[in-house]
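If you're matching them up, the sequences are chains U and A in order.
Each residue of the first sequence is one higher than the last, beginning at 279 in the numbering used here.
Each residue of the second sequence is one higher than the last, beginning at 279 in the numbering used here.
One should not assume that every hint holds.
Same chains, same names: a pair is fine if it fits in one copy or spans any two.
Said to hold, decoys possible - Subject to a maximum C-alpha distance of 20 Å in a straight line, what follows is the list of computed SDA-like cross-link-like pairs (lysine to any residue):
#	residue 1	residue 2
1	Lys435	Thr291
2	Lys435	Ala479
3	Lys426	Ser369
4	Lys433	Leu312
5	Lys426	Val376
6	Lys433	Gly360
7	Lys346	Thr299
8	Lys346	Gln391
9	Lys435	Arg343
10	Lys426	Gly303
11	Lys435	Gly420
12	Lys433	Phe370
Please keep in mind that the hints were generated in silico from the structure rather than gathered at the bench.
2 protein chains.
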Amino acid sequence: MFSGAQISLYPMTDDFVGVITSALGALDPYRNQLRIETDDISTLLVGPLEVLFPAMRDLFSAAARSGKHCVLSATISRGCPGEPDDAICDSFHFEGPVAPLAERQATALAAVQDAPDIGVFSVAQLSLYVLGQGNHMDEIYGCIDFLKQSGTFEKSKHFATKLNGDTGALFATLEQAFCRFGSPQGHVAIDLTVSANSPSAR
Amino acid sequence: MFSGAQISLYPMTDDFVGVITSALGALDPYRNQLRIETDDISTLLVGPLEVLFPAMRDLFSAAARSGKHCVLSATISRGCPGEPDDAICDSFHFEGPVAPLAERQATALAAVQDAPDIGVFSVAQLSLYVLGQGNHMDEIYGCIDFLKQSGTFEKSKHFATKLNGDTGALFATLEQAFCRFGSPQGHVAIDLTVSANSPSAR
């Protein structure tokens, strides 16, 4: 299994470098469990998904606490057949046999209930892609059902689902959406946008 | 067929609203061929792909000409089984029988050669998702081969391919990547980031 994300942080301010640099400290508790590489368009985070989602949550929450309009954009992937297995990605999410869809939805909802309160309100938009299997829409619809019950659901949109809430609940919802749907060893991707402090009407 | 994109423009400046508002005029020549809906996280563009890609190109290029560090993020989709057919999306891209992969690659390369020069240098990063078919990696590898020959290829990354060049060649490459690979009636998506004027080393 190989899992990780290409992430980018966009603070809409002249001091975007300062906001990003200040927020990076939020990654420190996770650095020994992630491989991190940066270029001019994104930062690669490789590691287990139970580390990756809290790391993205804390990085984004730190940036959002600047009060500036901030966006995190992420391309999250697991099980891509073109990527080599890597022990750093070993995750408890994919142990044991695959439960029926309804049972996975219930486990996902319980995990969102247990999410910490971070104190940062955000909106999120995700598209889930389940690849390499003919019944991909069954898993996607199963995931959307979970999202609608998660307490963070705002609305369905063309090509995406929009959520809102505390970043604790939001990133727990995202982690569950990504890990519980699609085959455990399958190729699954999320195209994610998280936004805080936008001046636009919601 | 239903096709379109959820797009967001991120100018990294205190005057991000002004940069976005000024750039929106670049969409005017395309408005009668697109359905456009905006909320606080993204703008939906629905329409034919030969209109959608030039519209995104001109919007992004206009924002980048501000000289500010600007990013366009887009979730582009065609043929999603959950979306209704819509006549506004009728496209010349999917007429006639499907050519063999090598022939599609050659047609795509010729289209990039013919792209206009816009005069704005940018970098782009894309992930192509071909859904609902077992051989999805064949089409993805076929697309990556095309990207490597396109003249805009910069490097392969985990989960994505990075390109750079004039926005004319870049968006022509993206349009071809999206339209020539995967089944014409199939479900295909791109997770796209385009960036200009970044202060980070490339």
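So, going through the hints one by one against the coordinates:
1. For the identical chains of this complex, Lys435 and Thr291 are neighbours neither inside a copy (28 Å) nor across copies (28 Å), given an alpha-carbon limit of 20 Å.
2. With identical chains, the CA atoms of Lys435 and Ala479 are at most 20 Å apart within one copy only, with a shortest distance of 16 Å there and 36 Å across copies.
3. Proximity of Lys426 and Ser369 under a CA criterion of 20 Å is satisfied in neither setting, with 26 Å inside one chain copy and 33 Å between copies.
4. In this assembly of identical chains, the alpha carbons of Lys433 and Leu312 never lie at most 20 Å apart, being 33 Å within a copy and 22 Å across copies at closest.
5. When the C-alpha separation of Lys426 and Val376 is checked against a cutoff of 20 Å, the pair qualifies neither within a copy, at 22 Å, nor between copies, at 38 Å.
6. In the homo-oligomer, the alpha carbons of Lys433 and Gly360 lie at most 20 Å apart only across protomers (15 Å), although the nearest pairing inside one protomer, at 34 Å, exceeds that limit.
7. Taking the shortest alpha-carbon separations for Lys346 and Thr299, both the intra-copy value of 14 Å and the inter-copy value of 19 Å come in at or below 20 Å.
8. Taking identical chains as interchangeable, the C-alpha atoms of Lys346 and Gln391 are never at most 20 Å apart, the minima being 29 Å within one chain and 41 Å between chains.
9. With identical chains, the CA atoms of Lys435 and Arg343 are never at most 20 Å apart, being 28 Å at best within one copy and 31 Å at best between copies.
10. Taking CA atoms no more than 20 Å apart as the test, Lys426 paired with Gly303 passes in neither setting, with 33 Å inside one copy and 36 Å between copies.
11. Taking the shortest Cα distances, Lys435 and Gly420 sit within 20 Å of each other inside one copy (16 Å), while across copies they are farther apart (31 Å).
12. With identical chains, the CA atoms of Lys433 and Phe370 are never at most 20 Å apart, being 31 Å at best within one copy and 32 Å at best between copies.
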